[in-house]
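Chemist: Input sequences plus hints: build the corresponding full structure.
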Amino acid sequence: MTEQSKETKAVWERTRELGRQLDEVNGRLDTLEEQKLADRIEELSLVVKRLASKPEADTPAVWNWNAFTPQQQVGAWEILLQWVEGTFRVRWPRSYKEMLGYAERGSSCWWQHPDMVETLTSLMMSHHWAYLDKEASPLRVAEWLGRWLPDAVRQGKFILEECRAGYEGGNGHKHDLFENKALQHDREQLDGYLHMLRTGEVPS
544 MTEQSKETKA
554 VWERTRELGR
564 QLDEVNGRLD
574 TLEEQKLADR
584 IEELSLVVKR
594 LASKPEADTP
604 AVWNWNAFTP
614 QQQVGAWEIL
624 LQWVEGTFRV
634 RWPRSYKEML
644 GYAERGSSCW
654 WQHPDMVETL
664 TSLMMSHHWA
674 YLDKEASPLR
684 VAEWLGRWLP
694 DAVRQGKFIL
704 EECRAGYEGG
714 NGHKHDLFEN
724 KALQHDREQL
734 DGYLHMLRTG
744 EVPS
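Just so we're aligned: the sequence shown equals residues 544 to 747 in our numbering.
Don't read these hints as lab results, they were simulated from the structure. Treat the hints with care, since some could be wrong.
[Said to hold, decoys possible] Derived DEER-like restraints, expressed as beta-carbon distance ranges:
id, residue 1, residue 2, range
1, 686, 636, 14 to 24 Å
2, 690, 612, 30 to 40 Å
3, 609, 684, 25 to 35 Å
4, 678, 618, 45 to 55 Å
5, 665, 636, 54 to 64 Å
6, 742, 616, 37 to 47 Å
7, 650, 734, 38 to 48 Å
8, 682, 569, 46 to 56 Å
9, 619, 570, 55 to 65 Å
10, 608, 694, 32 to 42 Å
11, 682, 630, 14 to 24 Å
12, 646, 737, 19 to 29 Å
Glycine included, each C-beta is placed from N, C-alpha and C at the ideal position.
Modeler: As structure tokens, then:
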């Protein structure tokens, strides 16, 4: 009877030990389930897949107005004007007036100058890079405020210089033969020079 009690006791001790170990395993499983390990593994897998795969197509980092269709130009103008009036004018009113010619009069022809449109587009893109990009930082903001904004204002004032000088009412726009036009005589001379470079023949 004593010998059987020892065996029974040993079985009970082993059973209790197994029960304790099982409780420990269950506790660990509960912890893993709370951490949603499977979801994290799936997320990590997607991240690795994105990093390992090449993009299907290169997304242009800048706008090419020359390549836009009329419909694309309309969309681009809407985005640009929304930024110019909703962000640039509101947050930097003095720079807005200086750059676009409103410091001297209540009307401006800035939108009629392709180089001004390009400059404003660049300023908008660099603002996005400084403030809204996923890697935006105080250093980028400081660079935009200290470099890109003053440079754009300087360019804008230069672009509108002739229109300011010729202002006699209206928005002051002065027709410029060089804007989006080729002067025929000059182009003929240039074509002759290029022909000479290609062939060695001096044009008559």
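Chemist: Falls inside 38 to 48 Å, the C-beta gap from residue 650 to residue 734?
Modeler: 40 Å, holds
Chemist: For the pair residue 686 and residue 636, does the Cβ-Cβ distance stay inside 14 to 24 Å?
Modeler: 21 Å, holds
Chemist: Between residue 619 and residue 570, is the Cβ distance one that fits in 55 to 65 Å?
Modeler: This hint holds: roughly 60 Å between Cβ atoms.
Chemist: Kindly confirm whether 30 to 40 Å is satisfied by the beta carbon distance between residue 690 and residue 612.
Modeler: 33 Å, holds
Chemist: Please check whether residue 678 and residue 618 have a Cβ separation lying inside 45 to 55 Å.
Modeler: Given about 26 Å between the Cβ atoms, the range is violated.
Chemist: Can you let me know if the beta-carbon spacing of residue 742 and residue 616 is within 37 to 47 Å?
Modeler: The hinted range 37 to 47 Å holds for residue 742 and residue 616, with Cβ atoms some 39 Å apart.
Chemist: Check the following: the C-beta atoms of residue 646 and residue 737 are separated by a distance inside 19 to 29 Å.
Modeler: At 43 Å between Cβs, range violated.
Chemist: So the hint says 14 to 24 Å: do the beta-carbon atoms of residue 682 and residue 630 match that?
Modeler: 20 Å, holds
Chemist: Evaluate the given range 54 to 64 Å for the C-beta pair formed by residue 665 and residue 636.
Modeler: Once the Cβ atoms are compared, 20 Å apart, the range 54 to 64 Å for residue 636 and residue 665 is violated.
Chemist: For the pair residue 682 and residue 569, does the Cβ-Cβ distance stay inside 46 to 56 Å?
Modeler: About 51 Å separates the Cβ atoms of residue 682 and residue 569, which means 46 to 56 Å holds.
Chemist: Note whether the CB distance of residue 609 and residue 684 lies within 25 to 35 Å or breaks it.
Modeler: Given about 31 Å between the Cβ atoms, the range holds.
Chemist: Just to be sure I understand the hint, the distance between the Cβ atoms of residue 608 and residue 694 should be within 32 to 42 Å; is that true here?
Modeler: 20 Å, violated
Violation of the numbered hints given earlier is confined to hints 4, 5, 10, 12; the remaining hints are satisfied by the structure.
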